[in-house]
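Chemist: Okay, here's what each chain looks like letter by letter:
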Amino acid sequence: MSIVNAVKGFYQILKAMAVTLKYFFTKPLTVQYPKEKIRLYPRFRGRHELQRRPDGLELCVGCGLCAAICPARAIYVEAAENTDEARYSATERYAGLYEINYTRCIFCGFCEEACPTGALKLGNEFALARASRGDLVMGKETLLQPATPHAIILED
Amino acid sequence: MEVLVNVTIDGQQVSVRAGTTILDAAKQLGIPIPTFCYYAKLVGIGACRMCLVEVEKMRGLQTACTTKVQEGMVVRTNTPEVVQTRQGMLEFLLTNHPLDCPICDKGGECDLQDQVFQFGGTVSRYVEEKRHKAKAKPLGPFVMKDEERCILCRRCIRFLEEWPGDPELDAFERGRNTVVDTFYGRPLTSPFSGNVIDLCPVGALTSIPFRFKARSWELKRTPSICTLCGAGCNLTLDAKANRLLRAVGRENPDVNDEWLCDRGRFGQDYVRSDQRLTSPLIRKDGQLQPATWDEALAFAARRIQDIAQTANPDVVAAVGSARASNEANYLLQKWARAVVGTNNVDFAGRPADGFAPLSSVTAPLRAGVVVLLGVDPLGDAPMVDLWIRRAALTKGTRVVAIGPKRPVVSRYGVWLGCRPGTESAVLAALLHLLARDERVQAPAKADLAGWTKDYAPDRVAEATGVSVQALKQAADFLAAKGSPLVLYGGGADLSPVRDLLALLGGEAGYLAPKPNAWGALLMGVAPDRYPGGASVEDAKARDSFGKQWDARLSPRKGLALADMLAGCREGIVQAMLVVESDLVREHPAAAEALRTLRFLVVVDQFLTATAELADVVLPSAAPSETDGTFLNLAKRLQRAAQATYPPKGVRPAWRVIADLVDAAQGKDKKRGAESHWDYETAAEIWREITRGVPVCRECTYETIGTAGWQPESAAEKVKPVPFAVEYPVAPEGYPLTLAAGQALFPKATPARYSPALAPVLWGDVLLVHPKDAEGRGIKTGDAVRVASARGAVELKARLTDEVVPGCVWACLESVAALLEAPDKATHVKLSRS
Numbered sequence: 000m001s002i003v004n005a006v007k008g009f010y011q012i013l014k015a016m017a018v019t020l021k022y023f024f025t026k027p028l029t030v031q032y033p034k035e036k037i038r039l040y041p042r043f044r045g046r047h048e049l050q051r052r053p054d055g056l057e058l059c060v061g062c063g064l065c066a067a068i069c070p071a072r073a074i075y076v077e078a079a080e081n082t083d084e085a086r087y088s089a090t091e092r093y094a095g096l097y098e099i100n101y102t103r104c105i106f107c108g109f110c111e112e113a114c115p116t117g118a119l120k121l122g123n124e125f126a127l128a129r130a131s132r133g134d135l136v137m138g139k140e141t142l143l144q145p146a147t148p149h150a151i152i153l154e155d
Numbered sequence: 000m001e002v003l004v005n006v007t008i009d010g011q012q013v014s015v016r017a018g019t020t021i022l023d024a025a026k027q028l029g030i031p032i033p034t035f036c037y038y039a040k041l042v043g044i045g046a047c048r049m050c051l052v053e054v055e056k057m058r059g060l061q062t063a064c065t066t067k068v069q070e071g072m073v074v075r076t077n078t079p080e081v082v083q084t085r086q087g088m089l090e091f092l093l094t095n096h097p098l099d100c101p102i103c104d105k106g107g108e109c110d111l112q113d114q115v116f117q118f119g120g121t122v123s124r125y126v127e128e129k130r131h132k133a134k135a136k137p138l139g140p141f142v143m144k145d146e147e148r149c150i151l152c153r154r155c156i157r158f159l160e161e162w163p164g165d166p167e168l169d170a171f172e173r174g175r176n177t178v179v180d181t182f183y184g185r186p187l188t189s190p191f192s193g194n195v196i197d198l199c200p201v202g203a204l205t206s207i208p209f210r211f212k213a214r215s216w217e218l219k220r221t222p223s224i225c226t227l228c229g230a231g232c233n234l235t236l237d238a239k240a241n242r243l244l245r246a247v248g249r250e251n252p253d254v255n256d257e258w259l260c261d262r263g264r265f266g267q268d269y270v271r272s273d274q275r276l277t278s279p280l281i282r283k284d285g286q287l288q289p290a291t292w293d294e295a296l297a298f299a300a301r302r303i304q305d306i307a308q309t310a311n312p313d314v315v316a317a318v319g320s321a322r323a324s325n326e327a328n329y330l331l332q333k334w335a336r337a338v339v340g341t342n343n344v345d346f347a348g349r350p351a352d353g354f355a356p357l358s359s360v361t362a363p364l365r366a367g368v369v370v371l372l373g374v375d376p377l378g379d380a381p382m383v384d385l386w387i388r389r390a391a392l393t394k395g396t397r398v399v400a401i402g403p404k405r406p407v408v409s410r411y412g413v414w415l416g417c418r419p420g421t422e423s424a425v426l427a428a429l430l431h432l433l434a435r436d437e438r439v440q441a442p443a444k445a446d447l448a449g450w451t452k453d454y455a456p457d458r459v460a461e462a463t464g465v466s467v468q469a470l471k472q473a474a475d476f477l478a479a480k481g482s483p484l485v486l487y488g489g490g491a492d493l494s495p496v497r498d499l500l501a502l503l504g505g506e507a508g509y510l511a512p513k514p515n516a517w518g519a520l521l522m523g524v525a526p527d528r529y530p531g532g533a534s535v536e537d538a539k540a541r542d543s544f545g546k547q548w549d550a551r552l553s554p555r556k557g558l559a560l561a562d563m564l565a566g567c568r569e570g571i572v573q574a575m576l577v578v579e580s581d582l583v584r585e586h587p588a589a590a591e592a593l594r595t596l597r598f599l600v601v602v603d604q605f606l607t608a609t610a611e612l613a614d615v616v617l618p619s620a621a622p623s624e625t626d627g628t629f630l631n632l633a634k635r636l637q638r639a640a641q642a643t644y645p646p647k648g649v650r651p652a653w654r655v656i657a658d659l660v661d662a663a664q665g666k667d668k669k670r671g672a673e674s675h676w677d678y679e680t681a682a683e684i685w686r687e688i689t690r691g692v693p694v695c696r697e698c699t700y701e702t703i704g705t706a707g708w709q710p711e712s713a714a715e716k717v718k719p720v721p722f723a724v725e726y727p728v729a730p731e732g733y734p735l736t737l738a739a740g741q742a743l744f745p746k747a748t749p750a751r752y753s754p755a756l757a758p759v760l761w762g763d764v765l766l767v768h769p770k771d772a773e774g775r776g777i778k779t780g781d782a783v784r785v786a787s788a789r790g791a792v793e794l795k796a797r798l799t800d801e802v803v804p805g806c807v808w809a810c811l812e813s814v815a816a817l818l819e820a821p822d823k824a825t826h827v828k829l830s831r832s
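Residue numbers (numbering that gives the first Met the number 0), protein chains in the order written: chain A, 0 to 155; chain B, 0 to 832.
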């Protein structure tokens, strides 16, 4: 009996070592982040980006539908009114305050679906670690794309 | 007898009163019929065609909101034809309605959104360019109009016609170019204009102060009441992120139906004013400087204790407020009586002995004639003004206004313009006429005819400046209509009023301009009364409250407010605690009296003119930031609920008083069962109040609920008594009389701190009759100097025939320093400065 068991055990070891050896000779999956870039799928949902119109005006009108749909209550919007002197969006209203709390966000993408103007897109940015919780509440200065320059092209 | 008719709606049988519309009958069965222009409290016009239903044997579809039911009528509300017509109507509306819901303030509470969702089709066949009209066009200071969104339901037009009787809006142009607008583009000035915002079924009329502040679903909604006048209108306070953003009318047929005046609707934002106090202040080196709560409370408690011990407790006085809740007022008088040991408690605007509350805010609806005795309800209690207008428009109620300033509602009757202080004489002249009128039937008539024989109209006219013709017209209204409702103000002489009631029946009531005048009185904020009304000289009541408060109570009556202020200069009063009362702006001589005090503590939301004189200022929470109960001008007990938390560093007034007691007893005192000052919530104070005040015994915060609670009160039987009227005589050098009142948007605390009301606040304006201005070379806009024997102030003149010749009128808060007494007209001289 003991000999049969010993042979069986040796066979199991060989089988396991074969798996190990196989991966020993294949190309490793590990990415040397951050030296190497990570490949993302096209529909990866990362940090939000607030889009602009081609003329530079913000697409967001501060309607708050993203905040309404958000299952994690991560978004806070306070609207404000455009004036002729300070125009941020094409309509009467724009987002005076737009904040996403990344300690709460679950990246479900409902906000993107709810957005009536296509202003909100979940981008590819995933490196969201910060030194403090406060830094994880991001406002328009971070979310608005392109973040710089804040150029606004006015009509003639 | 009412006639019932049987109708069948969607196969269900129902019996309703004859004259009911199909829509109301369907409502009784719970069958929904969509509507836009229909509104239960407005006359139906069938303009929007949304409520079309099929009626057997009638050609075409019928509007449910205007078609009356008839015996045997068979109605169907869900046939394919009706459903398709609704979809068609909605598609038509949407051809021109912009789909800018994401930026529309009505989004989320919009009738059009809801009904398209419920009854509309799925696609629009309209691909052409939509009609374009003016967007974001302000209609006055509060209402923003978006013409593109208007669906022409005419609710706003009808409201202004049918309730306040200010037909300022109408539809102009024709067809698809129709717009709702004011005449000649004038601003919307109705004092009740804000209601059209609530009425608008779409986002065509929105609120300017609330513009883009929040979406409807983000708001935390708290049913509460308005505390900006004595009416106590029910409203909902909407807050987002602990910021009070808007007030919306809440239905209560016994108070405000569902309407609000513009002061109540837009003035609530004073709590967000950047002038709010957020830290206690202590006077150091002559300047008020921020301090911590512990420091300020300990200092205030120690100083008051020192002054009371070195002299006697009666040099300390406490001033409550008709602006503060019952809970704060109760604790204040408990502090004065049980901790300090004095009965020196009072408040400004305490209803005088013999004053009665109104039977209800809606009392004008039951009156034949509303007699305004020197008051203008538009300033003192705008909701009463609205009910007078409604009564005049729907029931033909007449208004007889007696006083130096013409109230707006006198357009529904007659204004007996008389010099201030002669209102009783004018009323006596009316009694003279009525006692000799054969239409009047009353047992006391013969007596009255004798008593009033000295008040023949022509003699009174000469002495008071009223016109004989107007007197006769007013007497005619009273004789023809009967059942008068007499509304009087603080300084009224009630003897002629009693006679009027004895002659004609009806009721009389004090038009309390502050939210809690009756409550503060009931809570015992009076020098001679305990909570509930028992006299301080009544040994049984004193024992009972002494036992409840665990203290020996003083048997001596305290000083009334006027005596307190007079006593300040003589050292009879040396320290004072003033809670939420801006005495300087509403009581003559307060400023100089308070300056002579050794120690003054003021608890208020703002650094008011009174707080500026204080040695310690303690910031308190507004009624919307804590719980509390208020007793309105009809003695209806209502709850002002907490809608937001107070700003950091601010405590409710009741907690401030309790903390002051704790500070006086020192830190070593253990907080436990033996302390009478451990209140965690306002409800605990209310429970204690109910133990001492018999009227409220059965009443808890739960039974008051959101609708309020009206204690039963028996109407007082009036007996006529002979009276004599004294005509005021102008002293040498002071030819004019100054009358003070309240404006719709007064510069009084707290309305003066509201950002939304700032553009419409009544400035330091003096109304002058052109006749008086002529000789002095005064024109509208000129700076003028008004001087009485007490002092002088500078105001801006406005020439108007709203005041009688010989009289000038200004808001109380601008001329308080000139008056002899808060409710007394004062002789002044006027000159250009």
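Where hints are given, some of them may not hold.
Unchecked claim - One-sided and incomplete, this derived list gives chain B residues near chain A with beta-carbon spacing under 7 Å:
(1) I102
(2) K132
(3) A133
(4) A135
(5) F182
Said to hold, decoys possible - Derived coverage of chain A by chain B (criterion: at least 3 residues anywhere in the stretch with Cβ under 8 Å from a Cβ of chain B; other residues may be distant):
(6) 43 to 49
(7) 89 to 100
(8) 124 to 130
Simulated from the structure, these hints should not be mistaken for laboratory data. Cβ atoms here follow ideal geometry from the backbone N, Cα and C, with glycine treated the same way.
Chemist: Compare the structure with each hint and give your call.
Modeler: Each hint, compared with the structure:
With a least beta-carbon distance of about 4 Å to chain A, the hint placing I102/B at the interface is held under the 7 Å criterion. Given the 7 Å rule on beta carbons, the hint for K132/B is violated: about 14 Å separates it from the nearest Cβ of chain A. Residue-level restraint check for A133/B is violated (minimum Cβ-Cβ distance to chain A is 12 Å; threshold 7 Å). Contact between A135/B and chain A, as hinted, is supported at the beta carbon level, the nearest pair being about 6 Å apart and thus within 7 Å.
At about 26 Å, the closest approach between the beta carbon of F182/B and any beta carbon in chain A exceeds 7 Å, and the interface hint on this residue is violated. Restraint check on the stretch 43 to 49 of chain A versus chain B: 0 residues with Cβ-Cβ distances below 8 Å, three needed, restraint violated. Remark: the stretch 89 to 100 of chain A is confirmed as covered by chain B, as 3 of its residues place a Cβ nearer than 8 Å to a Cβ of that chain, reaching the required three. Evaluation of the coverage hint for the stretch 124 to 130 of chain A: breached, as 0 residues show C-beta separations to chain B shorter than 8 Å, against a requirement of three.
Of the hints listed earlier, those the structure fails to meet are numbers 2, 3, 5, 6, 8, in rising order.
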